[in-house]
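This is what each chain is made of:
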Amino acid sequence: MKQKLSSLILGLAATIGACCFTVTAGGVQSVTNPAGPQAHNIGQLWWLMFWVCSAVFVVVISLVLLAFVRGRRAAGGANHPLSIELRPAVETERRQGLWIICGTVVTILILFVFLIDSFLVGRGLTAELAHKQGVNIEVTGHQWWWEVRYQNVDASSIFTTANEIHIPVGVPVTFTLKANDVIHSFWVPNLSGKKDLIPGKVATIWLQADQPGVYRGQCAEYCGHQHAHMALWIIAEPQEQFNNWHRNQIQAAVTPINADQQRGQQIFLSSTCVMCHAINGTPANSNIGPNLTHLATRSTIAAATLQNDSAHLMSWISDSQQIKPGNHMPPNPLTPDDLKSLVNYLQSLK
Amino acid sequence: MKALCLSAFLALLLNGCAREKRQFEPPPPARVETQAITLSELRPGATTTAVAPKSGIEDQAYPVSEGKRLYTAYNCSGCHFNGGGGIGPALMDEKWIYGSEPVNVYATIVEGRPNGMPSFRDKIPDNQVWQLTAYVRSLSGQLSKGVSPGRSDDMNAHKSEQATEKKTPQKSNVPKAAEQP
Amino acid sequence: MSEANVQSLNVDDAAPDYEAPEPITSPIVPTEMDLARELEELERTWKRPGGVVGWIIDTDHKAIALRYIVTAFIFFLFGGIEAALMRLQLARPENHFLGPDLYNQIFTVHGTTMMFLFAVPIMTALGIYLVPLMLGTRDVAFPRLNAYGYFVYLIGGILLYVAFLMNTGPDAGWFSYVPLSGPAYSPGKRVDIWAQMITFTEISALCGAIVVIGTVFKMRAPGMSLHRLPLFVWAQLVTSFMIIFAMPAVMLASSFLASDRLVDTHIFNPAEGGDAILYQHMFWFFGHPEVYIIFIPALGFISSIVVTFARRQIVGYTAMVLSLAATAFLGFGLWVHHMFATPLPQMGQSFFTGASMMIAIPSGVQIFCWIATLWSGKLNVKAPLLFVLGFFAIFILGGLTGVMLASVPLDLQIHDTFFVVAHLHYVLIGGSVFPLFGAFYHWFPKWTGRLLNERLGRLNFWLMFIGFNLVFFPMHQLGLHGMPRRVYTYLPETGWGTLNLVASIGALVLATGVLVFIVNVFWSRRAGAVAGPDPWGGDTLEWSIASPPPDFNFFNIPTVQGRYAMWSMTETTPIIRGLSTHKRETLVTSVLDAEPELRFEIPGPSAWPFLLALATAETFIVGIFTPWAFPVGAVLAAAVFTAWFFGDPNYENKTEKDEQRSEAPAPPAGLQPENA
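Protein chains in written order, with the working numbering: chain L, 1 to 350; chain C, 1 to 181; chain D, 1 to 676.
For lysine to aspartate or glutamate, the following EDC-like pairs were computed, each having C-alpha atoms within a straight-line distance of at most 16 Å:
id	chain 1	residue 1	chain 2	residue 2
1	C	Lys-123	C	Glu-111
2	C	Lys-159	D	Asp-264
3	C	Lys-95	C	Glu-165
4	L	Lys-201	D	Asp-275
5	C	Lys-145	D	Asp-264
6	L	Lys-201	C	Asp-154
7	D	Lys-583	D	Glu-40
8	C	Lys-159	D	Glu-272
9	C	Lys-166	C	Glu-101
10	C	Lys-166	C	Glu-94
11	L	Lys-201	D	Glu-272
12	L	Lys-178	D	Asp-275
If you're looking for bench data, these hints aren't it; they were derived computationally from the structure.
Next up, chain L with everything else stripped away, as it sits in the complex (with noise of 0.2 Å):
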């Protein structure tokens, strides 16, 4: 029995340990791989918290499987019906009582820290909104793609690009976050706490990237039938070149270069495209759908689903339903001549 017991223990023991392990092995959004002051110090909450809940959980398992044994034993393998102890000895009692309320007591003080950690973190997280410098992004959440405008207070430089946002490194961005439809929920891992975008609402978090890198975001409140595939980009990188990217943004598209390039335009101009999608620089002015002015730019599509290039791009223009059943691009049954025109000019939009 007691053999049984112990390695019922070594076992637990095993699989939290194996567990623990992977915790804290990365994954592409993990929030144990901080990358920014918040996420650092939510991280820094985490720990401390699973810290000393593992202890509790370990201290108070133990006490059951003690329980457990002790309680056995006193039963001296007798098997039913046992004798009621009814009335027992008052001191047991007693002793009992005192180890409940310093359990309990312990358990206050626990939560207390808890509870003042969590209060600091937290305002931390909300500090520095009032931030008028600096970069100021607002995110519209469209079933199921995220619209991404850089507001300035000159007016020439706002310009909207779709589900890849550039940040410059250790610089304090504020997002203003709305919602088109339905509840979405602006959420990378690395960087921040996630935020809902409520119709109706206005929400505003700041995030910032402590060093270069690419951290993936994905919408965290069910929004429909393609919530699974809505994810974006968060690109960080230094001032310099943050600025060479938001300079390009501003400008409208290339113009075609070539013959090919130029009947790809052109049958962009003239089927269902044009409908949704705009194209800066050319009469394609609709806003439904994502901003392809400098589509070229962007390393994914669909909502950071597929990798932005031609295969990619042929096999969503010409059934995007087949990879996104649900979403709202239709199918564009085009010649292939036709959509490997059109993908060239495509991918000529830096």
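Take the given structure of chain L and dock chains C and D to it, following the hints.
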């Protein structure tokens, strides 16, 4: 008695299925022959063998709600506003200049019409045209209540389509411009 | 009867120098033949009606409770099948087993089934069966209301599943947030089905709650003062009060949603002055107490099992009762912790952090008390106790992750991820389903007269325990690795594939465990060891009667001389005599001290509950399609109500003997003053 219950249950089953059907992958869009669509039932000689295309989605709620979304997305509201008309004719009344049947509305959208209705051929895919058709017809209550959309999440300019009384369509073959004094 | 033998029942009169009187040699001692005749009359009076019509008009609390249990368990299996389908779909990245539309319906129906059609009804059911038995009475306070509650629940469940089979299953999540579930973004009738099904299950829960409260307050055996109440009954009482305060909130939320969809109101339309967050507040004001409604009865099961299998009284009875009450109160002050990611003011949210952490304290007190009881007890290790140990391991872990989720900043990272899925399953399955299975093993002999097989029970436990942990422990990591909830698939490059596969394999193990349980039930019903009235040496009154209990429960209403009624019972413990055997009669007692007040005629079998359930069904089901269903339903319901309230509930049991007035029963001698 048992057979009756069973068949009633099965009928309910199949009917329920129809309203909630959500087909994301539209049928392969063949080129629709709009010459089979006519405004008049009068024909000299024998009737043509060409068959007008069918909507097929007017008993399903999802396509109609998609039609509602597209109505704003494709800027139909730019001329027809919320169905009350303005630059373009009203869509929620009983006057149908070019016919109220689904195929007529389909032809209107695809071919365009004189006096300002653009042709959306090659711009709006076929299945979406049918969705818009269904929605436009629901604006005057032509679709059943279970399938018509409820109120929108915007400022409400009119009763929701499901609360709209069915208006018996009357064909008006007088173009709008000629109506003005 | 001589004057000198009439004792006062007023326990305040019991002074320290009170001397127990001599036992009364009453001239009314019944003979063997008298008793046999009484038994026969009682059986005839309380006989349950048979046949199909009998099934519809039966109001026996044990029958209704067993129906609830079987129906709820079937829904549990359906929910489990849905879970298995989800796990199959998520086992691999970009799996094409289920498309998004079907997957969304499945996870919604899974949550809805488990929360509304399984968890709350089955907890209520165990209360409805056992509370009257533990209190020493013949039936519940409102048997017809009880029956009505069951029929309404059954109809609601059938509504959901017929709709699901017709591709009309709700697909906006079990909490159905607007605007996704509103008229603009959820076309068709799917969400309407959900909203109306809520109404059915909430009416049913409210009925169960009222029945339990009435029974607990007014129908206890004499001598069972409030602080001699078994902890199981305390738990059921506290839960019933929670139901009464929480359910109306969700009925309102779902009714507002239904009216937005059906009659074009703008309650949740921001453009016309409504508010999408209002729905969340209303829903979660119910939603958080809901999980405690599911959890607190399980605490009652644990207390019963621990006391019985540790062979000693509970440590800290008063602390236990106060913890139950504190959990219930605090449970109403936590709801915003489901909304931490919304743009609500941070200061307000912090308040809910404090409250959400605070609720760990009464739960902690309870756990310490149970550990102390086990520590100083003599353990009879059988299947029910194993499930209790499983509860400790799993629930404590779940409670600790709950404390983590209570913290606003940390919640902002792990909200709406698989971490929450792990947490909620740890507390709900560990905190409610494991105790529930323990309760099944504990009370199955009482319900059926046969014990469940012990070896199969152990296999059942270990498969469920291991399977459960395999499924849900990896989900903590998945959440920390960024996997959101309610996703029908995920990309391979996220790296979530391995842990998801482990979880899916665990689901198979868990399912096998449940299967073993079903096999055990079917086998033991035929071939299980015959349990007598008291196979475990239990402490509550249900173990004093036959297994399964007779229709009338107790031949003589017992009296209670201590907190552990069975264990304080001696040969001289008084019984109540004098209740009619020709009518369905029981004793109504006072609220605080359970002093007999009057004899109460309990309504017998009746068709009105079923007919009222049909009227309710018409109102709310047809109401999905047209608002005219409501006036029609109101008229139908009014008709049934009239018959219900003005008809004679016991017309078939009347004989001319009942027209005579009878005396109040002789006050029982030897009722000792209450002691701890």
